[in-house]
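Got chain Z; can you put chain A on it based on the hints?
Same order as they appear, the protein sequences are chains Z and A. Taken in order, the first sequence gives residues 1 to 529; the numbers are from my numbering. Taken in order, the second sequence gives residues 1 to 63; the numbers are from my numbering.
No lab work stands behind these hints: they were computed from the structure. Among the clues, some could well be false.
On the chain Z side, residues computed to face chain A include the following (Cβ under 8 Å) [stated by the list, open to error]: (1) V18; (2) Y21; (3) M74; (4) G75; (5) W78; (6) G244; (7) T246; (8) W248; (9) D278; (10) R284.
Every residue gets a Cβ at the ideal spot worked out from N, C-alpha and C, and that includes glycine.
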Amino acid sequence: MAVSTPVLGIIVLIYLMVIFYLGWVGYKKTRDIDDYMIAGRKIHSYVLALSYGATFISTSAIVGFGGAAGVLGMGLLWLTFMNVFVGIFIAFVVFGSRTRRIGFNLKAVTFPELMGKRFQSRFIQGFSGILIGLFMPLYAGIVLIGAARFLETTLGINYDVAVLIFTVIIAAYVITGGLIAVMYTDALQGALMFVGMGILAVLTYSKLGGITEAHRLLTDMAPLVPETLAKGGHLGWTAMPAFGSTIWWTLVSTLVLGVGIGVLAQPQLAVRFMTVKDDRALNRAVLVGGPFIFMMTGVAFTVGALSNAYFYKTQGLISIAVAKGNMDVIIPEYINSSMPDVFVILFMLTLLAAAMSTLSSQFHTMGTAIGHDFYREFLMKGKSSRTTITITRLGIAATILASVVLAYILPISIIASATAIFFGLCAAAFLPMYMGALFWKRMTKEGAVASLIVGTFSSLFWLAFVHAKEAAPLGISQALFGKATLLSGTWTVVDPILVATPLAMLAAIIVSLATNPPSKEHLELCYGR
Amino acid sequence: MLGIDDPQIWIAYVLCFLSAFGCILYGALKWNAGAEDERKEERDKASEYRKWNEGPEKTEAAE
Chain Z
1 MAVSTPVLGI
11 IVLIYLMVIF
21 YLGWVGYKKT
31 RDIDDYMIAG
41 RKIHSYVLAL
51 SYGATFISTS
61 AIVGFGGAAG
71 VLGMGLLWLT
81 FMNVFVGIFI
91 AFVVFGSRTR
101 RIGFNLKAVT
111 FPELMGKRFQ
121 SRFIQGFSGI
131 LIGLFMPLYA
141 GIVLIGAARF
151 LETTLGINYD
161 VAVLIFTVII
171 AAYVITGGLI
181 AVMYTDALQG
191 ALMFVGMGIL
201 AVLTYSKLGG
211 ITEAHRLLTD
221 MAPLVPETLA
231 KGGHLGWTAM
241 PAFGSTIWWT
251 LVSTLVLGVG
261 IGVLAQPQLA
271 VRFMTVKDDR
281 ALNRAVLVGG
291 PFIFMMTGVA
301 FTVGALSNAY
311 FYKTQGLISI
321 AVAKGNMDVI
331 IPEYINSSMP
341 DVFVILFMLT
351 LLAAAMSTLS
361 SQFHTMGTAI
371 GHDFYREFLM
381 KGKSSRTTIT
391 ITRLGIAATI
401 LASVVLAYIL
411 PISIIASATA
421 IFFGLCAAAF
431 LPMYMGALFW
441 KRMTKEGAVA
451 SLIVGTFSSL
461 FWLAFVHAKE
471 AAPLGISQAL
481 FGKATLLSGT
491 WTVVDPILVA
501 TPLAMLAAII
511 VSLATNPPSK
521 EHLELCYGR
Chain A
1 MLGIDDPQIW
11 IAYVLCFLSA
21 FGCILYGALK
31 WNAGAEDERK
41 EERDKASEYR
51 KWNEGPEKTE
61 AAE
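Just chain Z, with the same shape it has in the complex (with noise of 0.2 Å):
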C-alpha cells in the first residue's frame, strides 16, 4: 500500500479520539440501571438502526463472509436478502414492537433478564447468562483476532500488543459509559460504515464496466470454477451450487438459514429493542436499518463474487488463487490491488469501525450476562450489597479478560466456524422461547425451560458428534465413539440450527400444552390489558 504509516496513524488517531468524546458523553448521560443498560429507554430512532446494524455487521461480515462470497459466489445474495427481511422487516416490525413494550411492562434490562421475568424464572434468566457468558466470547474473540490483525498489517504494530490496546480502548468506553456510549459510537461507526461500502460498490461496478457488464463477465468464467469446487456441486459464481450438493447444503442450511435466522435471537441486537421509548421509533428505525444492511452486506457479497472478474481480467487468475487459497485475505487483497489509496484508508477506517461497534456491544452483553442475570439474579437471587452497575462493570472485565486470552489461543481453523456456531446455538436456544414469550401466552415457565435445555444441548450435541465442520476437528466424537461422525452422508453438512431449532419448538409446545397456563395476572402485567 502507498499510504504512508504516519498519516494513516495520524487519521486513525483523530477518529478515536471522536470515539472516546462520544464515550464520555456516554458516561456524563448515565445516571442510573436504566441507562447503563438499556441507554435510558429514550434512544433516538437513527441511533438505534446504525447501532444495530453496526453491532449486526462485524468485520467477518465484510472480509470472512464478503470472502467466502469469492469462492462460492453470489448465491450468498439470499443471505443479504434474509438480512433485510428478517433481520431487520421482521425483527423490528414483528419482534421490536412486542420487545419493547414487554421489556417495558417487566422493566426488564436485559435480554435474559426478558425471559427470566416473562416466565417468572431465575433459572432461565440465569442460564441463558452463563450461556451468554460462556459462548459469547468466542464470537467476540474472533472479532478482536480480526481487528488485532487489521492494526498489526497497517499500522505495523505487534500483533499481541494490538490485541491489548484495541482491547483497552474499547473496554474504556463501554465500562464507563454503558449502553449510551455503546450507542452512540455504534451510530459514528455505521455512518462510516455506510459511506465506505457505497464507494466500494460504486468504484467496483464502474470498474468492471457497470452492473450488466460485470456479471457477464463473471457469468463467463463458470468453466474456471476449480475442480475441487467444481466436485462439491459449484457451478460458476453467478449460478446456485448444485441442488442438494455439499456446498449448497453449506450455503443454504449454514450460511443463509444459520446466520439468516439466527440473528432474531441474537441477545446483543434484541435488547436495542427495549432502548426506546415507542413504536414510532421502532417503525423510523426500520427506513435506515433496512438500506444500511444493504448496503452492508449486498455490497461485501457482490463485491467479493465480482473480485473474481477483476483479478481474471487484471492477472488471470480467480480470487482464491490470488489470495493463495485463504478466503479471509479476497477482500483486503482486492482492496489493495484495486482502489485508490484514498478509499483504501477509508476501507480502513470502515473495517475499524466495523470491528469497534460489534466489540462493544459483545463486551456490554457479556458483561451484563454474567454480572447482572448470572451472578446478581440468578447466584445471589437478586439480593447483592453492590449495585447492579458495579456488579456488571466487573461482568464486563471478566468478560473481556476471557475474550483476550481466547483471541490469544485459538486456532485458525476453528475461528472461521465461530461466528456460525453462535449464532446457530443463539437460534436453537433462545429463538422458540422469545417467541412464545413474545406471541404464545398459553407458553408456561415450564415449556420455557424445556426449550432452551433442549435447544442448548441438542445443538451443542450436533455440533460435537454429526457437524463434520466442527465434530471431527474437535475430536470429542473420535475419542469416545472412534468414528469422526456419528452419522454420515448429508447429515454431516446439515447444520445444527435446522435440527436444534426445531426439536427445541417442539419441546416448548409440548411441555407448555402439558402444563398449567401462566395466571391470568401475570399476563396481563406482561402484555398490557
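Using the frame of chain Z, we list chain A on its own:
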C-alpha cells in the same frame, strides 16, 4: 437478466433491492405511527410499575 443467467441468483439480486426499498417505504409511511397512544400508555404503565415493584419479590420468593 442483468448479465446473470441463473434465475435463482438474479431473483435474489432483485429481492435485495426490493426488500431495502420496502424498508424505506414502510418507514416513510409509518413515520408518525406508534407515537400518539404511547404517552397515554406510559401513564398507565407508570401505575403498573408500582404494582410490579411490590409484586416480583413475592412471585419469585415463591419459586
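Verification of the hints:
For V18(Z), the interface hint is violated, the least distance from its beta-carbon to any beta-carbon of chain A being 27 Å, above 8 Å. This hint is violated: Y21(Z) has a C-beta 29 Å from the nearest C-beta of chain A, more than the 8 Å allowed. A least Cβ separation of about 5 Å between M74(Z) and chain A falls short of the 8 Å threshold, and the interface hint therefore holds. Checking G75(Z) against chain A: minimum C-beta separation of about 6 Å stays under 8 Å; hint holds.
A cut of 8 Å between beta carbons decides the hint on W78(Z): the least distance to chain A is about 5 Å, and the hint holds. Checking G244(Z) against chain A: minimum C-beta separation of about 14 Å lies over 8 Å; hint violated. The closest approach between the C-beta of T246(Z) and any C-beta of chain A is roughly 18 Å, which is over the 8 Å cut-off, so the hint fails. A distance limit of 8 Å between C-beta atoms decides the matter here; for W248(Z) the minimum to chain A is near 11 Å, and the interface restraint is violated.
Restraint check, D278(Z) versus chain A: the minimum CB separation of about 4 Å is within 8 Å; hint holds. With its C-beta approaching chain A no nearer than about 6 Å, R284(Z) sits inside the 8 Å limit, and its interface hint holds.
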